[in-house]
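Protein chains in written order, with the working numbering: chain A, 1024 to 1467; chain B, 502 to 1008.
There could be a bad hint or two in this list.
Claimed, not checked - Derived BS3-like pairs: lysine-lysine, alpha-carbon spacing no greater than 25 Å straight-line:
| no. | chain 1 | residue 1 | chain 2 | residue 2 |
| --- | --- | --- | --- | --- |
| 1 | A | K1447 | B | K573 |
| 2 | B | K687 | B | K653 |
| 3 | A | K1371 | A | K1312 |
| 4 | B | K736 | B | K653 |
| 5 | B | K1002 | A | K1447 |
| 6 | B | K664 | A | K1309 |
| 7 | B | K617 | B | K653 |
| 8 | A | K1141 | B | K503 |
| 9 | B | K573 | A | K1461 |
| 10 | A | K1312 | B | K983 |
| 11 | A | K1397 | B | K976 |
| 12 | B | K836 | A | K1397 |
| 13 | B | K712 | A | K1141 |
| 14 | A | K1122 | B | K976 |
| 15 | A | K1270 | A | K1324 |
| 16 | A | K1224 | B | K712 |
| 17 | A | K1309 | B | K550 |
| 18 | A | K1447 | B | K550 |
| 19 | A | K1319 | A | K1298 |
| 20 | A | K1422 | B | K617 |
| 21 | A | K1114 | B | K503 |
| 22 | B | K664 | B | K687 |
| 23 | B | K775 | B | K802 |
| 24 | B | K664 | A | K1121 |
| 25 | A | K1397 | A | K1359 |
| 26 | A | K1309 | B | K736 |
| 27 | B | K550 | A | K1456 |
| 28 | B | K986 | A | K1237 |
| 29 | B | K775 | B | K664 |
| 30 | B | K664 | A | K1224 |
| 31 | A | K1298 | A | K1397 |
| 32 | A | K1309 | A | K1061 |
Said to hold, decoys possible - Not close to chain B: a few residues of chain A, all C-beta gaps over 10 Å, as computed:
| no. | residue |
| --- | --- |
| 33 | D1102 |
| 34 | R1115 |
| 35 | N1153 |
| 36 | D1168 |
| 37 | G1232 |
| 38 | K1447 |
In short, the hints are calculated from the structure, not lab data.
Quantities reported herein were computed from a predicted structural model and do not represent experimental measurements.
Cβ atoms here follow ideal geometry from the backbone N, Cα and C, with glycine treated the same way.
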Amino acid sequence: MNIEQGSLINSNSITFECETGNYHTFCPISCVAWLYQKIEDSFFLVIGTKTCGYFLQNALGVMIFAEPRYAMAELEEADISAHLNDYMELKRLCTLIKKDRNPSVIFWIGTCTTEIIKMDLEGIAPKLENELGVPIIVARANGLDYAFTQGEDTVLAALAQTFGKKSTTSDNGTKSENTPNLVIFGSVPNSVVYELGNELKTYGIEIKGWLPAKRYTEFPILNEKDFVCGVNPYLSRTATTLMRRRKCQLIGSPFPIGPDGTKAWIEKICSVFNKPTPGLNDREEKAWKNLESYLKLLRGKSVFFMGDNLLEISLARFFIKCGMSVYEIGIPYLDKRYQGGELALLEKTCKEMGTFLPVIVEKPDNYNQLNRIKDLHPDLVITGMAHANPLEARGINTKWSVEFTFSQIHGFTNAKNILELISKPLQRQTTFKELGWKNYHTLV
Amino acid sequence: MKLAYWMYAGPAHIGTLRIATSFRKVHAIMHAPLGDDYFNVMRSMLERKRDFTPVTASVVDRHVLARGSQEKVIQNIKRKDKEEQPDLVLLTPTCTSSILQEDLQNFVNRASQDSKADVLLADVNHYRVNELQAADRTLEQVIKFYLEKAEKDNSIFSKKTEKPSVNILGPCNLGFHVHHDIAELKRLFKDLSITINTIIPEGASIDELKKLPQAWFNIVPYREVGLLSAQHLEKNYDMPFISTTPIGIVETANFIRQIQTLLKQLGQNVNFEKYIDLQTRFVSQSAWFSRSIDCQNLAGKTAVVFGDATHTVAITKILSQEMGVRVLVAGTYCKPEEIWFRKEISKYCEDILITDDHNLVGDIIAKLEPSAIFGTQMERHIGKRLNIPCGVISAPVHIQNFPLSYRPFMGYEGSNQIADLIYNSFTLGMEDHLLEIFGGHDTKDISSSTLSNENIWEIEAENELKRIPGFVRGKIKRNVEKFAKINNLNKITLDVMHACKEAGNMQ
C-alpha cells in the first residue's frame, strides 16, 4: 500500500515539491461549521479572539443567524495577561451553555491564542467535566499548525482517544467479541453514511459505527483489533490515534470520492474481510455511464489545484480518470502514509489514461502559483475565493475549492455533484466571448 | 472571557487592512497565522474586486513560535518590495502577533534600509481598539508620515489652491455604499463650484498625500474613520474641517450651510441658499414625498434604529424630523462615539442604546415590537424571526449590500434612496399585516401540491425529506412520489428515496 520512497525518484512517478507555505486557506476552526451540524447534541466553544470570531461569522455567512450550537469564548486583555483565571472563566461560560442549550458534549476548540499563552485546556477540561457533568473534548484546531479541513482531524483525533471505551458493558449478544468490527471515521452527511453503509452491506459487511455518529450519545464502541477506515483524505492524525492509542487496524485505501475511488475503497475493505465483490465492476461502470454527459465536456481539459483543503489528490485522481489533465496539485499538507493508497491509485490512473504525472506541491506559495498559472493557462483553476474573481477578470475559469468541502462528494451517486461543480465554470457559455470580452482587468 | 456569537465591528487588523488596500500601490503584510488572511476573501467577494488584494501574510507557525520570526518578516517585506514594487509596505500586527510581543518596529527599521518602498508598522493594539478605531488611527498614521516626509524634502504643497477646494477624508473599501456616496459628494461639490483636492484613502496614491494642505478645508463624511486625520490637519496645518454627515435633506442643507459659513470666513462671497432651496423642493423628490399624502400613513409609526454611529444618527433624524416616525430606540455599537451620539440624537428618539451585544438589541426589539427596524444584517435577521420588516442602513453587511446600481446614502439623490428604503419597509409591513388578517395568499404546506396522496411515507423517509431545504422540498417530494408510482411502489422508504436519487430523479 505504501509507496516505496525509492520508486518516487523515477521520472515516471509523481514529483513532490515543497514551497514557502504562503498560501491562502481557511482557518481550521471552520470545522465547527459542519461538525456542529453533524453531531446534533454537541456544542462547540471556540476559545479565541475577535479575529477568530470575525472569520467564523463571515465565512459561515447565514448559518450564523440560525442559532447555531457554537460560540466564541472571546479572550480579553485580562485573560491574556492572566489577570483572570482561565478555569473560573471557562466554568462560568460552560455553566451558561449547559443551562441554555443542555448539550451532551462540549467541544473546546483551542486557537492560536490559547497555544501562545499556553492555556492548559487539556488540564482544565477533566476538572470541569466532573463539576458540570458534561463531557468536554479539547481539540487544538489552530492556524499555527493546521489548515482548514485538518480542523476536523484534530476534533476527531481528540474524540478517538476516548469514545466508546467500555467494551465489557451490557453484552446484547449482537456482536461476538472475537471477530473484529469495522468502524468508519470521517464526518459526512447522514445520507452519505447511509449510502456507503448500503454499498458495503451488499457484500455482507456491516459497518459497526461511524466516528462521528449523529449524536455523541450514539458513538460506537471500539475494541482493540477493530478495523478502522477513513473516508476523508485529511484525517491522518485520527488514523494515527486510532492505531496507536486504540490499537485498531487501519485499512489504508483510496478514498470513496469518484466512482473509481469508491470502487477501490469498497474493494479494499472487502479484501480485508475476505469478501468477494461480484458485480462491483458493473456498479462502477454504471456510475460512469451516468456521468457521461459531464465527461463529454471535461475530456481533454486541464486543471490546476492551488490547494487549500487536502481533498486535492483524491479530486485530481478522479478528474484524471474523467479524461482531464492536471498540471499541479497544491496541497497544504501531505501524509504519504495515510494517503498512500490514494497516491498509488493516482499514479496508476495517470498511466492508465496515458497522461503525464502531476506535480504535487506541498505548502504552496500562492504568488509563485499565480505565475505558473499565467504561463500554463489551464482551463480550470481550483482555488480559494481570494483569487477566484481576480483570475476570472484575467480570463481564467475558476472553481471555488471550499464548495467541495460543503457538498456531498462521497460514493457512487455523489460523483455527479463533483462534476456538476466543475462543469459550471466550463459550461458557462455567455455571448460575451463572441463579443471579445474576455479580459476584465486591463484597459486595452 | 465573553460568550459571543456575533460581533458588529471586526478586529483591529481589518481596519488597518481596509485603509492599506484602499490606497493604490500599498501592500500590507500581516504578521499572522495561516488562515488570518480572510480579509482577501471578503474584499474579493463583497466588493467583487478584479485585482488581487495586496495583502500577504508573513505566516506565524510553530517555528516562529519557538524561535521568533527572525528574518522571516524582513524577507517577506523585501520580497514584496521586489515583486510588487509598492510605494508603501504596511506591516500589520494581529491578535497573535500582539501577544508574541516581537519587536516588529525593529523588523520595519531593518527592512526599510534595503527596500525601495517605505515601510511602516501599523500602530494599533488588537485588544484595545476595534476595526473602525484602527482604520481611523492607521489613516492618521499614514497621512502624518507622508506629510512629515514631504516637509523634510520640501515637496509639500503648502500653498492653497486658487479656488475653494476640499479634501474628503475617510472613505475606504468595504464601507457601506461608499463608492456611491463618493460619487454623490463629487456631484455636490461640483454644483457648489468647489474643487475636490483629494479623496483619501479610497483610490488615492501615496503621492497625493503631500497635496493635502493645499485644500481650503476638509470634510469627514463618516464619523468613524477620518476624524483623527482631520484633527491632525487642523492642528498642524490650520485646516478647518466639517464632520457633519450629509445624509437626509435637513442634514445635507446643514452640511452645505457649514461650508458656506466656512468659505465666507475665508473671504469668499458665496450664497448656497438658493441651491439648497431648489434641490430640496424640486430636484430631490424626498422632501415633497414626505409631505405627500402617502407619507401620512407613516406618522406615528414606530421604529428601532441600530447601526454604526454615523448612519444611526442620520437615519434617526430622517425618520423623526422628515417622516414623522416615532423612533423608540436609537442605538449604536460604536461605543467610543457614545458622547457625540447622545448629544446628536437625544432629541429625536425616546431611548438610547449603546451596546455591542446583538442579543440585547434583539430582546429590546422583541419587547418593543416596532413597525419597522433599520439596522445591520443582524437586525434584518432579528426582524425575520419576529416578522418585522427591516431596512439595512449600516455595516456589517452581506454581499447584497454592495449593489451594482447607483445607491448613495448621501446628498440629494441619497435622500431619495433612503425615502424609498424607509417607505418600502413600512408598506411591506402593512401588506404582511393585512395578509395575516385575511388568511394569507400563500401556504407553506407542501402536501397540497402532490400528484397523489396514496403513497405512504415511512417515518424515516419523511424525516429525511424534512432535512431537505424548504425551497426544493416540495419538488423532491413530488419526484420521489412519481418515481414510486412508476415503479409500482406504494410505500416510500429510505431505500426508495435513495433509489430515486440514484436514478437521477431527485432534482
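Non-interface label on R1115 of chain A, tested against every C-beta of chain B at 10 Å: R1115 of chain A not clear of chain B: closest Cβ-Cβ about 8 Å, inside 10 Å.
In terms of Cβ atoms, is chain B entirely out of 10 Å range of K1447 of chain A? Given a closest Cβ separation of 15 Å, the condition holds.
Agreement of K736 of chain B and K653 of chain B with the hint, judged by alpha carbon distance not exceeding 25 Å: Given pair K736 of chain B, K653 of chain B holds - Cα atoms ~18 Å apart, limit 25 Å.
With the threshold set at 25 Å, check whether the alpha-carbon distance from K664 of chain B to K687 of chain B stays at or below it. holds (16 Å)
Is K1422 of chain A close enough to K617 of chain B, meaning Cα to Cα at most 25 Å? violated (36 Å)
Pair hint outcome, K550 of chain B versus K1456 of chain A [Cα-Cα no greater than 25 Å]: Answer holds: K550 of chain B to K1456 of chain A is near 21 Å, not above 25 Å.
With a cut-off of 25 Å on the C-alpha distance, tell me whether K1447 of chain A and K550 of chain B pass. Distance ~21 Å between K1447 of chain A and K550 of chain B Cα, so the pair holds.
Agreement of K1371 of chain A and K1312 of chain A with the hint, judged by alpha carbon distance not exceeding 25 Å: holds (21 Å)
Quick one, are K1114 of chain A and K503 of chain B close enough, alpha carbons at most 25 Å? Distance of about 12 Å is within 25 Å: holds.
Hinted pair, alpha-carbon criterion (25 Å max): K836 of chain B, K1397 of chain A. Please report holds or violated. This hinted pair is violated, its Cα atoms lying about 47 Å apart.
Taking 25 Å as the top limit, are the C-alpha atoms of K1298 of chain A and K1397 of chain A close enough? Between K1298 of chain A and K1397 of chain A the Cα gap is close to 49 Å, so the pair fails against 25 Å, i.e. violated.
Could you grab the alpha-carbon distance between K712 of chain B and K1141 of chain A and see if it respects the 25 Å cut-off? Roughly 49 Å separates the two Cα atoms, so the pair is violated.
This entry does not satisfy hints 1, 2, 6, 9, 11, 12, 13, 14, 15, 16, 17, 19, 20, 23, 24, 25, 26, 28, 30, 31, 32, 33, 34, 36, going by the numbered hints stated previously.
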